Amino acid sequence: MYGLGLFKGLSITLKNLILVNRTNTIQYPDKKASILDLAKNEKKNLILYIIKNPLNTVKSFLGLISITQHAPQHPRFRGEEFSWYEERCTGCASCAKYCPLGIIKIVTDQTGKNYQEGQSYDIETFDIDIGRCMFCGLCVEACPYDALHMGSGFEESQYQRDNLVINVEKLKKTEKKPSHWFRPQLASKKDYSPFDDEVKWDSVGRHQKPTQKDLKNKWIRSDIE
Amino acid sequence: MSVNNELVTVNFGPQHPSMHGVFRMRVTLDGETIVDIEPVFGYLHRGTEKLTEERTYVQIVTLTDRLDYVASMSNNLAYVSAVEKLCSIEVPKRAKYIRVIVAELQRIASHLMATGFLLQDLGTFGTPLMYCFREREKILDLFEILCGARITLSYMRPGGIFQDTPNEFWSELETFMDNIPGQINELESLITGNEIVLSRTRNIGVLSPEDVINGSLSGPMLRASRVKWDLRKANAYEIYDELDFEIPIGATGDTFDRYLVRVKEMKESIKIINQCAKLIKPGPVRNEDVPLVIRAPENEAYAAVEGPKGELGFYLVSDGGISPYRCKIRAPSFMNLTLLKEMAIGGKIGDLIVNFGSIDIVLGEVDR
Amino acid sequence: MSFNQLYIFVGDLLPFLPDQIVFIFSGLSMAITICTFILGIGAIYTWFERRVLAKFQSRVGPNRWGPFGLLQPIADAIKLILKEDIIPRAADKSVFIVAPIIFLATTLLVYSFIPIGDDSQLGGLNVALLFVLGITSINALTVFMAGWASKNKYAILGSIRAVAMLISYEVPMAVSLMGVVMLSESLSLVDIVNSQSSMPFILIQPLGALTFLIAAIAEMSRAPFDMVEAESELIGGYQTEYAGMKFAVFQLSEFLTPIFTAAFFTVLFLGGDSGFSFIPGIIWFASKTFLVTSILLWFRATWPRLRIDQIMGFAWKVLMPAAILNTLLVGLEIVFLNENYLFQILINSIVVCIFIYLIANILGQKKLILRNPVPSELANMDAN
Ligand code: SF4
Ligand code: SF4
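Protein chains in written order, with this note's numbering: chain W, 5 to 229; chain Z, 8 to 375; chain X, 251 to 634.
Only chain W is shown next, with the shape it has when bound in the complex:
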């Protein structure tokens, strides 16, 4: 009958009003805690909690208590806290060449090092301009020595554009929590989570040193006929 569609629509919206679990909003960075949340946090019965903490009950009713909430991230998240291992980096600058935007700047010091016997260059400058980075992760994909990894952080806003440039000091200082992005060896590691655990330089790579075969596969072949 004519007009039935209108009422069908009304019933759908009503259904969505009543079914509270349809809402999947995540309130970031924090959320006003209801009594239910508080009781659940302490793993207590709701009534027991209200009797024991009358003050908190009133406070949460007035909206004075907030609990922090984070957006769920997945281990492959491509965030801006790059994890860079000084010990692994050879200064080959593959990452810099491979970045589509050319925002990685590497200057190496060749004096005093016998790099031909497997020693790496001394890295003087390693700047990543996060302000222009688009987190494509191609630099990570390009690094043949597993020295550069994506991180999971994303709360790095700054007041000055200059502060957005990550330099060697910052890279050395940041906590090394590499993401799973393009690092299957980390993904296969049991109970490693990029959000909590740190990884040492010697256990982050696929191998201690790249073999000739690896290098060949990645770099030497230039055409594919």
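The hints are simulated quantities; they were obtained by calculation from the structure and are not laboratory data. Among the hints, a few may not be true.
[As the list claims (entries may be wrong)] Computed cross-link-like contacts, DSSO-like style, restricted to lysine-lysine with a CA-CA straight-line distance of at most 30 Å:
| id | chain 1 | residue 1 | chain 2 | residue 2 |
| --- | --- | --- | --- | --- |
| 1 | Z | K92 | Z | K240 |
| 2 | W | K194 | Z | K103 |
| 3 | Z | K285 | Z | K103 |
| 4 | X | K401 | X | K343 |
| 5 | X | K403 | W | K19 |
| 6 | X | K403 | Z | K355 |
| 7 | W | K193 | Z | K285 |
| 8 | W | K12 | Z | K103 |
| 9 | Z | K57 | W | K109 |
Please read all numbers here as calculations on a predicted model, not as lab measurements.
Since the structure of chain W is already known, use the hints to place chains Z and X with the ligands on it.
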């Protein structure tokens, strides 16, 4: 007594709530009736085609993310197909299946967004839009599991996909696939039978089969006008020839049919994903012979896929270097926009907005 | 406390004052109290509407400021007051400034006619119904003033739409009230409420109630008739150029109109504050009004907007015949059935069903039937 009519010219856009970005129309009105419209675009021109000429073939994948930013997966797929054709690269079977799965997920996401915004243009207070976004959000979550990003995905590489799926992806996909048909049905019962929607969209902006073929439209716009043409069947790329699905078409080619075709396509996509999830077998996902810096032979290639908005094609010309000599993008949004004038003239302002919404354009792709 | 009590109280307290000053003073203080009360209700209603609309759309809605976000209207008001008050250079300044004030004034004025409890101020006026209808139609003028003075094409389009629509819907609205007036034999709102003590009018004349409700929704230009500020078409309609406090005034009046419409509907068709059992009348009145506002909100959350020609056609082709039919029916029933309410209810419900069915068919249900798609011959990939 004679009434002296004076035409009014109004600028719709570039800053307007329903211009889907920064599109601009110079509309000449006679009261509420549209006499003439003149589309103006280019506000989002970033020179993507020129930029490709100084990027290596893999780096361009990141540029394609930003063309149609609500359907990055399809863009990636179209581009890497072109590169694979150019350099005749083999793609492993498993990678093909995964590509089809993500492309169809992306189609659902994009169609959900198109439907939501069409209803927003019709004047609902955001309710269907929010329902659509709620479901789209789950698809973006799946993408985040796959590749760590939600919009600008850069998921595919010439010769496969960048990395195999993590284990939790398949269980998440299953819960999503259990859930989504119900949600789409609910959306349909909210919209399809609604008399106000019907009276606003039936017989509005009708395009005949001749019109759409002459205008070289593609995608749901084409199929709504009774033309049964879909690259997934006509040119079965990837593994679409092994899959069983229908090509839905519309009855009259009006705005309502364009909406209905999208909803039906979402249901077909669900079918496709379910089949793929059954058929997929373990194996390599990336052709290991493809280096990071590809040096393509002197050649040219055109590859197109059926994106959510229509035929999305990349035409690459190589001079033997590490980046293409020329790249031409056939953007479906841009082509579909060409018939806006035919659809809108003679209608009311409300019809103009609804017609425009039913085309489903993304300005990133129109202006490139 | 009523006006009379206040008048006597002030007179006793300050006996040296002349009578006129006491009169004016008590009248003013009464008016200010009522206005503040209504504006407060309007502020809470903005919170309610946003919150419930969010729940309909499975969002969260305002919840940061105060318990459940209840202080949100205050935050909004502060923000809007602090905003720069922009007047376009090409605008007609005085009209531009005056329009929102008149809009708010008329919106507040009509509230004083609503009879709540036994002590209502102006509801007992013998032409109250006509007065309310007259004042609400001033809104059309203010909207046009605002649109014209803004010197903006969107604003002018919006205000032209407003005038066309408001004038059209005024007619069926007024005609649909004829039934109410005939049944209660009075134009005074208090009498109308009193004559519904045995049976609310919505049962006796459902067609009239339906017509009135639809016309009233159109009159305050809410979804699905929100042609006037049609966001996706005209940006903000007549409000496009308004900012800061003037915009806030418009918004507030806009949020006050649905409450008034609901209250008016309650008075006319739901029996006002009359109810059964010991619950006081004011609670009955508030809950009925609340129910009607919620239903209006529900419509707003669900339905899309109609097109301008469809809206005008609906007024003249559907609502007008419905209103006339209702008047005719009620008139005949008063003459022939003479207070046999049950029989009237039966007849009227049957008539409503027949009417809706007929209108549905005349309006062209056939046009909306979906046909089966046939592939075109021009390019069919199955063919080859
Ligand atoms: S993530 Fe992409 S844009 Fe950012 S530094 Fe690495 S390669 Fe460059
Ligand atoms: S590619 Fe890796 S090893 Fe080479 S410079 Fe970059 S981070 Fe260091």
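Okay, the hints, checked on the actual structure:
In summary, the hint linking K92/Z to K240/Z is supported, as the alpha carbons are separated by about 19 Å, within the 30 Å threshold. Distance check on the hinted pair: K194/W and K103/Z sit about 29 Å apart at the alpha-carbon level, within 30 Å; holds. Note on K285/Z and K103/Z: the hinted pairing holds, with a Cα-Cα distance of about 14 Å set against a maximum of 30 Å. Taking the CA atoms of K401/X and K343/X, the gap is near 10 Å; set against the 30 Å cutoff, the hint holds.
Between K403/X and K19/W, the direct Cα distance comes to roughly 40 Å. Violation of the 30 Å bound is thereby established for this hinted pair. As the CA atoms of K403/X and K355/Z are separated by approximately 16 Å, the hinted pair is consistent with the 30 Å bound. Taking the CA atoms of K193/W and K285/Z, the gap is about 28 Å. The hint holds against a cut of 30 Å. With a C-alpha separation of about 41 Å, the suggested pair K12/W and K103/Z falls outside the 30 Å cut-off, and the hint is violated.
For the hint pairing K57/Z with K109/W, the CA-to-CA distance comes to about 24 Å; that is within 30 Å, so the pair holds.
The structure fails hints 5, 8 (numbered hints given earlier, in ascending order).
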